[in-house]
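First to last, the protein sequences are chains A and B.
Each residue of the first sequence is one higher than the one before, starting from 1 at the first, in the working numbering.
Each residue of the second sequence is one higher than the one before, starting from 1 at the first, in the working numbering.
By construction, these hints were calculated from the structure, which means they are not laboratory data.
Where hints are given, some of them may not hold.
Claimed, not checked - Ranges of calculated distance between the beta carbons of each label pair, as one might list FRET restraints: (1) 626/B / 417/A: 35 to 45 Å; (2) 271/A / 626/B: 15 to 25 Å; (3) 177/A / 971/B: 36 to 46 Å; (4) 441/A / 973/B: 49 to 59 Å.
Ideal placement from N, C-alpha and C gives every residue a C-beta, glycine not left out.
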Amino acid sequence: MKLKNIITAVFGVVFITCCVSCKKGWLDVKPEKSLVLPKTIADFQALLDNTDANRGAGIRFNTWQPSLDEVGADDFYVTSSDWNSSQTHTKNAYIWASEIFPDVDPGNRLDWEYPYKRIFYCNIVLEGLENIVPVTVSEQIAWKQAKGHALFLRAYSHYTVAQLFCKPYTKNQAATDLGIPLRLESDINIPSVRSTVQATYDQIIADLRSALELLPVATPIANNPTYIYRPTQAATNAMLARVYLSMEDYENALKYANESLNLYSTLINFNLFRRKGANGQFLNGHTYTRTTNTEILFDNSLIDYSILRTNRCIVDSSLYKMYDSSDLRKTMFFFLINNRPGHSFFGSYIGNGAVYFSGLATDEMYLIRSECNARLGNVGAAMYDLNTLLRNRWDEKMPYTDIAETDPDKALRIILNERRKELCFRGLRWTDLRRLNKDTRFAVTLTRQINGNTYTLEPNSKYYVLPFPPEVIQLSNMQQNPR
Amino acid sequence: MKKTFTNPCRYRALNGLVFVKVLLILSFFICMVAVSAYGQATVSLSEKNTDLSKVLKKIKQQTGYSYFGPAPLLRTAQKVTIDVKDGQLIDVLDRIFQSQPFTYMLVGTTIVLKERERDDPKKPVSSQAPSGNLDISGSVVNEKGEPADRVSVNIKGTKRTTVTDANGEFLFKKVPVDAVLVFTSVNTQPHEVNVNGQANLAVNLKTQVDALQDVTLTFNTGYQTMKANEATGSVVVVTKEQLDQRVATNIIDKLEGITNGLVFNKDALTGENKLRIRGESTINGYQSPLIVVDGFPYDGDINNINPNDVENIYVLKDAAAASIWGVQAGNGVIVITTRRGKLNQPARYEFSANFTIADKPDLFYAPRMAPSEWIDLEIDLFQRGNYNAALNDVNKRAVSPVVEILNSRKLGQISAADSSSMINALRSNDLRNEMLEHLYRKQFNQQYQFNISGGNNRMSYYFSTGYDRRQSNIVGNNDSRMTLNSQTTYLLFKGMELRAGLSYTESNGVTNGISNIPNSQPYMRLIGDNGLELAIPQHRQMFEDTISNRGFPDWKYYPLQEKKNNDRTSRSHNTRLLTGLKYSILRGLNLDFSYQYNRTFTRQRRLTGANSYFVRDRMNTFAILNNGLYAGSNFPAGALLDIDNSDLVSHYGRLSLQYNRAWIAHAIAAIAGIDVRETRTEGSGNQLYGYSEENGTFATPNLFTQYPTYPSGSARTLDALANGVYSTGTINRFRTYFTNIAYTLKQRYTVSTSVRFDGTNYFGVKTNDKTLPLWSTGAKWDISKESFYRFKLLPTLSLRVTYGYQGNLDQNRSAYATIRMYSGAGFTGLPYAAIVNIPNPELRWEKTGQLNFALDFATAKNRISGSLQYFRKKGKDLIGEELIDPTTGVTILFGNFSQMRTDGADIALTIKNIDRELDWNTTINFNYATDKIIRYTGPVGGHVTAFSFPVPIVGKPLYSLFSYRWAGLDPSDGGPRIYVADTINKRYSSSGAIKVSDLEYSGRYNPPITGSVINHFRWKGISLGFNIMYKLGHYFRRSSVNYSALIGTGWPASHSDYSLRWRQPGDEVHTNVPSIAYTGSLSRDDYYRFSNVLVEKADHIRLQFVNLSYSFPKQMLRSFSFQALQVYFYANNLGILWRASDQDIDPDYPYMPYPPQRSYSFGIKAGF
């Protein structure tokens, strides 16, 4: 029958079509459009551009910087009942307990996990970029930008870990003091080992210096927020200044602060931003935001533990009293909430009460340059920078008189006080305490009162170095910090 | 890896698909034409000395009546000469057969040729000697005239037996001329024939009326249909009759309570069905059974299938039955077969309609504080200063009316008397009553369906159309569904069968209803005494009242108006095309090709109107101020339009070779083939701001800039709605080679085996290269057919043992380091990416081994029949988590690290209590399944808070309840206390500080024992069935007071246990409800909320449904030209008959705002 032959042919054709379409490659299509095997410069840059606050699948490069240092510093105190209802590890960090991290509850290791997760991303990017040879000029620019960005973030992240989990840098001990584990490859099978403090800071500085060679000069301007999330040369210089300052290397700190300010030195005059109420009085807070604050060189903010929230932490009264009544920061940084025993911090440099800015900004550079100049004997230059900053913070209706201190020691004290006042709640105080306590002139003993108990933290105490989370020790067999 | 979306291979595949589509459409039209030609029963012939077979073929062409007869008989046929025009078929046949050496009979639409009776004078002389032996050939048909295969033919009194083949024919050599042949088969009545020297026999068997349904039916695995008695696997059959017992618009819902081994667990938070076949099988993988419709996995929404179009459902439980579905079979398989016409069946028309009405929801089900009690607490809290922060809120968010009154009093704006009278006036209100009156209504469903089915000897057809409309119990929510369905089968020529099907479903939904009013208080009202619709304040009363004086748009929220401001609709189109060709190459050997195309397009359109509260709120929030006056907004005026489109397209192709043959002592049923499947989904969403419905214009605001918000001044971006603008796409591909072979010896011993190789694009190349074989094997022994078996109490007894593997996929994992791209990073708007998979080249499919023992039995006359089964499942390569050093940047690694085991038993019993004029059957389903984690190395958290997510602890069930050990209330202050390491603890530290070893394991959350008892009575045309369901052996934790939530979020978090709270020393003797803590400590509440004192037994028995129907007697109908007419009444969700807990809580819905309401349906079914 003819039809039979046709049908047999149809079967045959269908069968062959099946076989052809079922060749090997057929199963190789990616199952989801948005899933990508990273391979282009743009893919890697996208990994670093993860600044989403809501959806970013467990990583954010602009927020969630370790904040247990801020918890342990002396910018604020909390009431016993607020302390009672805070997360366990923040409670421990607050009273400088010997154990910080409870042995269960993985949510409490963010101060460790987040920086290392960022470093993992950076390593993936750095390794991926090694396999790409940029050809065109625009590719070369993009490649450099991505690589510099990854190196910068790796250094930034390692630095934040070092402020919590290893001793402060002391020149003659750094080669033997235990540092933090440095992760320089993405392979998760490479065991973590502790470096020395010297190696830790050497790596941070090496990464930053390499980044400096690669990154563009581009300036962070309000209308192009890209460059407060993608580091620039100004930001990298600023980070180097911050790192060298923590190492008490004032020559280098001065050098890089200077470099940074040479590239970008905008300061906001707070008079432009204060808000007036209906009756012309000043209102608390700011109207500027992350993207309109033109002082920001590189944006980052602290992990928003509940103990740090505006409605819990109360500004240390001795800090509050340091501000002159003509100082606009007094009304713009602090405000009163009903039934609270003291002032609350308005929450920031970025117009958002929930997260505290901890990134790099020009005001910090003025203060670093000023401090270094004072320490190196250039008191006049130090005072010039300090006055430049303060003039922008002063109520224009109350004439500002320049501070004209010539004694290096007194000048340094003034500068350090202004550093404290300008940079409070910025995640910098703990590092300053670790550094300044070494100098008996500036050493302070911290105390806390909780539930009727008094806790103290002596200068240079071993409790200035936090223990590694227990799981990290269990899973890696690294040496724990003495407590 | 250079393979990307534009794979050249894809086009080649699509070219093939285009060809197949053309084939399909063509075949569909051919079938339509053929149907119209059917139904003539007159014959016109003009033949001269023509072969009988040719004449009969012409009759077949003209009438559809086929013929059937043993070949030896036909060889004796005489040539035919006849001339007739439009003669009646019977007359014509009589004339033709007058001159033949044999005669005929009509069976259905088959002309069966048969030997003339002995006393027939025209009997041809037998060539065999009248005594001794002779070779007998014969053919056996059933009542419908279809060839009856595998009928055993036995010479009475001897062991000599043969069996009929697929054509119903047999050849029996050397049979004594006076022998009696006994014809038996599982589904027909035994039949004896005296040989009396006849060499050709035509036997007509009657179907056994009381045959066991499970045994008589064939099993359909979605790949092949097998004789149930030759299948080794465990398959549950749900017939159309059983499905008709329940009224539902969703086919899966109908299975609850009538399907042995299919458990409907309820999600603790949503109440949604979580289907399980034989307990849990996976920790992180996909948990629901695979649903197969007409032989192919169903990718679309199962709501697209009209339940009235379903013929039957098979649930595949064990490895032997399910492993043919490979990596998707890990959770069992539900095989749905839609209705088809039958060959040789006159056209049949059916119409059905039903109406279901359900009560309004019980808003008082969730135990909440009485409004007046809540007012008292608010007064108390106000005096304690709890609302001071809220009253000073910079955002001016609403405080409750009571707090407003108290604040006015405090500020001296009103007198004490006014204050208390204003408050007292509120005490008698109850918002729930108002909501029931204005926002809820009775649910009302309508279902209509009409179908035509039938067939001749060449083709069969089934056409249906259905319309369903559901009016939700929330005012403003409705949906409807229209279905069109056509299924035809066409015999092109002998051995070549073409199947063609087309289903089209269109669903429409409207969801404008409001069931949740933000910031409402239980004593508020929706409509004032003057009949005006009232606003529920979202901001401070004064602020809302006066803001419009400063030029702001009205900032009030009117729940009853909001419905009109929004328009949310969804529309879905589903098209399913099915075509198949079956060709018989040799006797018993078929080549089958089938192809299915399925497409679902869904479009959701949500218009949030320009006057909606949402838009007004945003405009005010992003207001631009000029000297304190409203001077426009950064948020564009006009409506917001959200459109979401999703498109699902799947193609399936299958080429298989089937071999089915039976010999005297052997039978073989085998299939082998290749499956190719591709499912693509594409989704996109768009959001238009400042949209004008009239002009189609819209605004393009900057979504990345932060704007100051009013009144607080804090900065935010405009990006407001959840979905926004997005584009997604997935492609899932499967390529599978499969085979399944069953061999039966002497109708007593059956062995079966199946092997399947799966390849998918899920895991990346490495795993695909090692396509994983999943196999199963099984054996069955019909003990009662053994000659030594003489146990009269159980005349039917068989034993089955199967073992094999089922697989499961965790679609979220990949062996590669992959990143996921997102658009619009915060603040910069740049594209950004996140790493979603840490590379793990060893990742592979989950494998579950399952061992199954089954005993099938029936007592005499099938009085009691059923099966007992025992199974053990072991999940071997379950995907789990493993902790790694967080310093690596990764905290958890996914891999095939976990194991779990599930043991259980299934018992199904059918008892005929009375089998006379009054018929009473009882069906008992009993299912037992317990699971246990054997290996798990990942982190586990949230032990005490878990109830809807798994807590994998080694040695415990996947869904477990863990509790604090309650130590009573502190007699001094009524604070909750628990035991921590055997000492009483009241420290209220955060939950992380309490070790797992200090917790009590309080039992499993999912029921280990489930089942149903169905009683069915039938008397004349009246039929009454009622279904009792039970779930036993599990626990739930009831809710109770949570002071921090109560004080933080207000009345919706309240619990009526509040009135039982500790108030003064001594109360601790008779209550466990802690004293109120005004500062609201979360961990203090948790000590009580997650303690074992709130754990309740969840065992319960419920009357699920009752079905009463009346079928009109046939005699009565004939005069109205009806063939069948049935009216029925159905009541569902009738209530709990018994529960172990003394709490008035439905253990299936402990946290739901309300359980499903009782519903009543009336329906009619007519056939004509």
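Starting from the hint list further up, note which numbers the structure goes against and sort them upward.
-> Hint 3 is the one this structure does not satisfy, whereas the remaining hints hold.
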